[in-house]
Amino acid sequence: MGRLRRRKITNAVMFALTMLSTVAVIGVLFYILGYLFWNGGRYLNWQFFTNLPAPVGEAGGGMANAILGSGKLLLLAMCFGVPIGLLGGIYLAEFGGRVFPFVIRYVTDLLNGVPSIIIGLFAYTVVVLRDRHFSAWAGGFALGIMMIPIALRSTEEFLRQVPRNLREASLALGATRAQMVLTAVVPAAVRGIVAGIMLDLARVAGETAPLLFTAFNNRFWSSGLDKPTASLPVMIFTYAIGPYEDWHRQAWAAGFVLLAMVFLFNVSARLLTFRQHAR
Amino acid sequence: MNELLTESRAASEPSAPKRIRLAHRLARAGDPLFYGLTLASAASILVITGWLVYQLYVNCEETRRQFGWSFLVGRNWDPVAGDFGALPFIYGTIVTSIIALLIATPLGISAAIFLAELVPPRLSSVLAFLVDLLAAVPSVIYGLLGIFLLVPFLSSTVVPVLQKAVGFLPIFSGPFYGVSLFSAGIVLAVMVIPFIVSISREVLLAVPQAQREASFALGSTHWETVWKVVLPHARRGIYASVFLALARALGETMAVTMVIGNAPEISKSLLAPGYSIAAAVANEFTEATENLHLSALVELGLVLFAITIVINGLARLLILATARGQGHHG
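These protein sequences, in sequence, are chains A and B. Heads up: the first sequence runs through residues 1 to 279, numbered per the numbering used here. Heads up: the second sequence runs through residues 1 to 330, numbered per the numbering used here.
Rather than coming from a laboratory, the hints here were simulated on the basis of the structure. Among these hints, one or two may not hold up.
[As the list claims (entries may be wrong)] Here are a few chain A residues that face chain B, going by a calculated C-beta distance under 7 Å:
| hint | residue |
| --- | --- |
| 1 | Ala16 |
| 2 | Ala59 |
| 3 | Gly60 |
| 4 | Val99 |
| 5 | Leu110 |
| 6 | Phe122 |
| 7 | Ala188 |
[As the list claims (entries may be wrong)] Residues of chain B placed beyond 12 Å of chain A at every Cβ, according to the derived structure:
| hint | residue |
| --- | --- |
| 8 | Trp69 |
| 9 | Phe71 |
| 10 | Asn76 |
| 11 | Gly85 |
| 12 | Ala136 |
| 13 | Val161 |
| 14 | Leu162 |
| 15 | Tyr177 |
| 16 | Val207 |
| 17 | Arg235 |
| 18 | Ala247 |
| 19 | Thr257 |
| 20 | Glu287 |
| 21 | Arg316 |
Note that the structure is predicted; figures quoted are calculated from it, not measured. In this text, a Cβ means the ideal position worked out from N, Cα and C, and glycines have one as well.
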């Protein structure tokens, strides 16, 4: 019986260890999120949303230009990345044979794994070197490229979940393949597709590295899309490594706003797909 | 079918057939057009990836010509003197990633085991969602937390204890200034754990229930079942999750840049400041004025690209192999 006892003790000890690991992981999550929201919330005020950054070294000011800049960059990125991702996803789910889709999927996953700083280098060589100045275009281009892989794969995945019957019924009514896809299949999967794009947006909204030398930064309003443009993540980086206490406080506030935005996208995407599954 | 439809309508209203036939022809013409458009979008992935490699390759021509392969093993990085070697950055990148994996792999896999084996399904998926949220936190925010939360904590608590206990080891020797390879490794560990937990948990859940029941029927305890049956069955997927985490750690930029110390040196001690490839590009690119310096940074980018492509490629192959393997057994 001694042996059985030892085995039972091993069983209990090992599972206790796995429980400890889980508690540690989840605990770290709550700790750092709590710390960020508490700290950021403390330093957040209306000025943050309405004012330009104060002159270097002076206290006060806000990040209104960076909030608007982030919005501009995300919009550009969507205009560039989402159509390609959507149509490419439709191709993979609805058309295509064996080898070519396999290659596309594989390369898409590889592109998804390329470090964001390298996407930034690419956008720099393509857009900034040609224009000879930093611009929102370059930043939007970089973020757009980062959006394509996820938009494509999630679109494909949700289209695949649409039942065959729907496609057959649509074709039987005399629809062409394009009509079938656009009027029957895509609408049936639209919640999932939108959720995928929201997750995609949440991911690139926090990207800093590809913007450092494409959109660069700006302490003022940028008057157009071909000017250096401020964004929240780059502001957080600049302020966090800067020497002023007030900058650090604002970095926390900006972190709060950015993370709230990212979580909002994530949770709404989750709710969108959750309801669909529940039906 | 379609012709029948048009004919029956044609009989009832004489003016309709032409219009319908036209609409029909347009719709038929739309088909190849739509197909072409989706095909072009899918193919653009290949074009973009190829273009990316080409641009990186072309834009580091100067350093490639001047240093050749010795760029990879040069220990000196001196923009003023125009001497560029990538070794300190490659070293920093690999060392921080190894630290991250050493911490994240055991923690992540055991948390995944707990979530997959012991926690009731509904609670498990809620916890998994929380872990996924942890993966969604932008890296610049991890950097912020690294600077103001982790580094002070390491300096005041962890490192003094560590040095008292194992300070005789060369890897924990020397002074600690807060920013270091060690700090970067820990931040990376926190960042990659969610990947390992999330993927491993799914792989473990996909192990057929019959496997577990067979093991229980032979009299195994739950842990023996996990250790001898479930984990071996899921091993490829777990390896893949670790590889994906590794690829992510190698290419991580902002959080590392903020806590690694940005010193292009190769030091034995993990407590000394270092530099990673991605951090070097992030820090120096906008400040570089010499063409040779820019070219060296682009070549660093190319090296990082090559490393992550290899690791990612391996991970994807493992995942494919897992999917196929399960197809055979199931």
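Hint check:
1. Because the beta carbon of alanine 16 (chain A) sits about 10 Å from the nearest beta carbon in chain B, more than 7 Å, this interface hint is broken.
2. The interface hint given for alanine 59 (chain A) is violated, since its Cβ lies 18 Å from the closest Cβ of chain B, which is over the 7 Å cut-off.
3. Of the supplied interface hints, the one on glycine 60 (chain A) is violated, with its beta-carbon coming no nearer than about 20 Å to a beta-carbon of chain B, more than 7 Å.
4. Look at valine 99 (chain A): its Cβ only gets to about 13 Å from chain B, farther than 7 Å, so that hint breaks.
5. The beta carbon of leucine 110 (chain A) comes within 6 Å of a beta carbon in chain B, closer than 7 Å, and the hint placing it at the interface holds.
6. Against a cut-off of 7 Å between C-beta atoms, the interface hint on phenylalanine 122 (chain A) holds, since the closest Cβ of chain B lies about 5 Å away.
7. Of the supplied interface hints, the one on alanine 188 (chain A) is violated, with its beta-carbon coming no nearer than about 17 Å to a beta-carbon of chain B, more than 7 Å.
8. A cut-off of 12 Å between C-beta atoms confirms that tryptophan 69 (chain B) is not in contact with chain A; the least separation is 21 Å.
9. At the 12 Å boundary, the C-beta of phenylalanine 71 (chain B) stays outside the reach of chain A, the nearest C-beta of that chain being 16 Å off.
10. Taking the minimum C-beta to C-beta distance to chain A, about 23 Å, the non-interface status of asparagine 76 (chain B) holds against the 12 Å cut.
11. With a least beta-carbon separation of about 19 Å from chain A, glycine 85 (chain B) lies farther than 12 Å from that chain, consistent with its non-interface assignment.
12. Not every Cβ of chain A is farther than 12 Å from the Cβ of alanine 136 (chain B); the closest lies at roughly 5 Å, contradicting the non-interface assignment.
13. For valine 161 (chain B), the shortest C-beta to C-beta distance to chain A comes to about 18 Å, beyond the 12 Å cut-off, and the non-interface label holds.
14. Its beta-carbon lying about 18 Å from the closest one in chain A, leucine 162 (chain B) satisfies the requirement of being farther than 12 Å from that chain.
15. Listed as outside the interface, tyrosine 177 (chain B) is consistent with that label: its C-beta sits roughly 15 Å from the nearest C-beta of chain A, beyond the 12 Å cut-off.
16. The non-interface label for valine 207 (chain B) is consistent with chain A: the shortest C-beta to C-beta separation is roughly 16 Å, beyond 12 Å.
17. Under the 12 Å C-beta cut-off, the non-interface status given to arginine 235 (chain B) relative to chain A holds; the minimum distance is some 17 Å.
18. The claim that alanine 247 (chain B) lies off the interface is violated: its Cβ sits roughly 5 Å from the closest Cβ of chain A, which falls inside the 12 Å cut-off.
19. At the 12 Å boundary, the C-beta of threonine 257 (chain B) falls inside the reach of chain A, the nearest C-beta of that chain being 8 Å off.
20. Chain A draws glutamate 287 (chain B) into its interface by the beta-carbon criterion, the shortest separation being 10 Å against a cut-off of 12 Å.
21. Consistency note on arginine 316 (chain B): stated as away from chain A, yet its beta-carbon is not over 12 Å from all of that chain's, at 5 Å minimum.
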